[in-house]
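Taken in order, these protein sequences are the chains called A and B.
Residues in the first sequence are numbered from 1 upward in steps of one, following the numbering used here.
Residues in the second sequence are numbered from 1 upward in steps of one, following the numbering used here.
Honestly, the hints are just simulated from the structure, not real lab data.
All C-beta atoms, glycine included, are put in the ideal place defined by N, C-alpha and C.
Careful: at least some of the hints might be erroneous.
Taking lysine-lysine and the DSSO-like style, the derived pairs with C-alpha atoms no more than 27 Å apart in a straight line are [said to hold, decoys possible]: (1) B:Lys210 / A:Lys115; (2) B:Lys206 / A:Lys225; (3) A:Lys16 / B:Lys205; (4) A:Lys156 / B:Lys210; (5) B:Lys157 / A:Lys115; (6) A:Lys220 / B:Lys206; (7) A:Lys180 / B:Lys33; (8) A:Lys180 / B:Lys206.
Among chain B residues calculated to face chain A with C-beta under 10 Å, some are [what the hints assert, rightly or not]: (9) Leu68; (10) Leu111; (11) Val112.
Now for the letters of each chain:
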Amino acid sequence: MVHKRKETLELTAFEKFVFRFGTWSSLLTLVLFWGFPLIVSLYFGIFPNFSKILPAILTFALVILILNVTEILTFSPTLGPGALYMCFVTGNTSNLKCPCALSALKANDIPTGTKEAHAISVLSIGVSSIVTVIILAVGAILIVPLTPILSNPVLKPAFDNVMPAMFGGLCALFLLPSWKYSVVPLIVAFICVFGLGLNAMIALPACVAVSVLVGRIGYKRTLQKEKAEPNT
Amino acid sequence: MDAYSQMNSVFLFLVVGGIMAYVLFQAFMFMRKGWNEALRLGIEKGALKRIVRSAISITIIPSIQVLLVLIVLVPILGIPLPWLRLSVIGAATFEMMGAQTGIVAAGGSGLVSGITLEQFVSAAWVMSIAGSVPLLMNLFVIKPVAMSLERSKHADKRWVGILSSCAMCGLLSFYLVDNMHLGIVAILVVVACLLFSILLAVVYKKTQKKWLQDLMLPIVMIFGLAAALFITNVLHIGA
C-alpha cells in the first residue's frame with residue numbers, strides 16, 4: 001500500500017509571521033472580547049439570565065459562522081490569510097476592507113492570489129483598519145456636533161446609498177472585465193434576491209458556489225481542448 | 001447616578017480604550033510587515049505610498065455608514081459599548097440586531113433610550129459572545145484553508161487563479177444585486193456609478209494619470225453620493 005504524504009510546504013518568513021502573529025494576536029483579542037462583558041458584569045454587579053440570552057447568541061453565531069466561512073473560502077485565494085486575520089478582528093470585511101484591498105490590487109495591476117497580492121492586501125487592510133478605528137474614535141468624541149449633520153434629511157439619501165455606489169464601482173472594476181465568470185452568478189443573485197427573497201446566509205454561498213462551479217466546468221473544457229489539440 | 005451615566009463611566013471608556021490601543025497595535029504590526037514584504041517582492045516605495053493614500057481615501061466614505069449606526073446606538077447604550085463593537089469585529093447591521101436581542105432578552109422592548117443596566121449588560125454579552133465567531137475562525141480555520149490552497153497551487157496554479165476570480169465574482173454579484181434591492185434610487189445609483197467608472201477607465205486609458213487609477217473607487221463613490229442626492233432631491237425619484 002502506498003501512502004500519499006502531505007506535501008510539506010516551505011513558508012516564507014512573512015507567511016510564518018502571518019500565521020504565528022495572526023493566531024496569537026487573535027487569541028488575545030478573543031480573551032479581551034470575552035473578558036469585556038465579564039468585566040462589565042463584575043463592575044456593575046449584574047449578570048444576565050444566560051438561559052434567556054443563550055438562544056439569541058447561538059442564532060447570531062450561526063448566521064455569522066456561515067457568512068465567515070463563505071468569506072474565508074472567497075478571500076483566502078484572493079487576498080491571502082494575513083488580510084483575513086485583520087478583517088475578522090476589525091470587521092466590515094465585504095463592505096469596506098475587501099473593496100479597499102481589491103482597489104489597491106487593481107490600481108497597481110497586481111493579479112489576485114499572488115504573493116504580491118497577499119502583501120499588498122495586508123498593507124491596505126492594515127491602513128484601513130487603523131483609519132476605521134480612528135474615525136470611530138473621533139466620531140465617538142464628536143457625537144454631539146456630528147449627529148445633526150449625519151441625520152440631516154437632505155443628506156440622508158446620500159448616506160443611504162454608500163454601498164450601492166461602492167458596488168456599482170466595483171462591478172465596473174471587476175465584474176465587467178471578468179464577464180464570462182460574472183454572468184451566471186449575477187443571474188443566480190437576481191433569482192435569489194429579487195425572485196426568491198433569500199437572505200445573505202443562503203444567497204451569498206449559493207452565488208459563490210455557482211460561480212466556482214461554472215469556472216470549474218469552463219476550466220475542465222479548456223483542459224480537454226488543450227489535450228485534444230496540443231500543438232495549437 | 002442614572003443607568004445611562006453608568007454606561008458612560010470613565011472605567012468603561014478606559015477598558016474600551018485599552019482594547020482599541022491593542023487592535024491598533026495589531027493592525028500596525030501587520031501593516032509594517034506587509035510594507036516590508038511588498039518591498040522585498042520588488043514593489044516600489046512610491047507605489048506603496050499611493051496604496052496607503054488610496055486605502056485612507058477609500059475607507060473614509062463607507063465609515064460614514066458605520067458612524068450612522070453609532071449615532072443610533074449611543075443614545076441607547078452609551079458610547080463605550082457601541083464604539084467597541086463597531087470598531088472591533090463589528091458589522092453594523094449585526095450590532096444593531098445583537099443589541100436589540102440582548103435588550104429584549106432582559107425584558108426590554110428594543111432599541112429605545114431609557115434601558116436599564118440589566119438590559120445593557122445583557123446586550124453587552126450577546127454582542128460580544130455572538131460577535132466573536134470570526135476570532136474562532138482566525139484560530140481554527142484560516143490557516144488550514146490557506147495551507148490547503150497553497151498545496152493546490154503547487155498542484156494546479158491555473159485552477160487556483162480561476163477559483164479566486166470566480167469566488168470574487170460570486171461574492172460581488174451577490175452584494176451588487178443585494179444593494180440594488182434597496183429600491184429604485186439604489187438601482188439608479190448602481191447604474192450611474194457603473195457608467196461613470198467606465199468613463200473614468202476610458203479617461204485613464206487616454207491620460208495614463210496614476211492618481212486617477214489609485215483614487216478611482218473613492219471618486220466613483222463620491223459621484224454616487226452626489227447622484228443619490230440629485231436623484232432624490234432634484235428629480236424627486238424615490239423621495
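Double-check Val112 (chain B) for me: the hint is only fine if its C-beta lies closer than 10 Å to a C-beta in chain A. 17 Å, violated
Below or equal to 27 Å on CA atoms is what counts here, so check Lys206 (chain B) against Lys225 (chain A). Since the Cα atoms of Lys206 (chain B) and Lys225 (chain A) sit roughly 37 Å apart, the hinted pair is violated (cutoff 27 Å).
Lys156 (chain A) and Lys210 (chain B) were given as a pair; does the straight-line alpha-carbon distance stay at or below 27 Å? 33 Å, violated
Starting from Lys16 (chain A), check that the Cα of Lys205 (chain B) is at most 27 Å away, please. Given pair Lys16 (chain A), Lys205 (chain B) is violated - Cα atoms ~39 Å apart, limit 27 Å.
Between Lys220 (chain A) and Lys206 (chain B), does the CA-CA distance stay at or below 27 Å? 38 Å, violated
Holds or violated: are the alpha carbons of Lys157 (chain B) and Lys115 (chain A) at most 27 Å from each other? 13 Å, holds
Once the shortest beta carbon distance from Leu111 (chain B) to chain A is found, is it less than 10 Å? Violated - the Cβ of Leu111 (chain B) stays beyond 10 Å from chain A, reaching only about 14 Å at its closest.
Evaluation of the interface hint that places Leu68 (chain B) against chain A, nearest CB under 10 Å: Where the cut-off is 10 Å and the nearest Cβ of chain A is about 6 Å from Leu68 (chain B), the hint holds.
Agreement of Lys180 (chain A) and Lys33 (chain B) with the hint, judged by alpha carbon distance not exceeding 27 Å: Since the Cα atoms of Lys180 (chain A) and Lys33 (chain B) sit roughly 36 Å apart, the hinted pair is violated (cutoff 27 Å).
Starting from Lys210 (chain B), check that the Cα of Lys115 (chain A) is at most 27 Å away, please. Cα-Cα ~23 Å, so holds.
Need the status of pair Lys180 (chain A), Lys206 (chain B): alpha-carbon distance at most 27 Å? Given that 27 Å is the threshold and the Cα spacing comes to 26 Å, the pair holds.
Of the hints listed earlier, those the structure fails to meet are numbers 2, 3, 4, 6, 7, 10, 11, in rising order.
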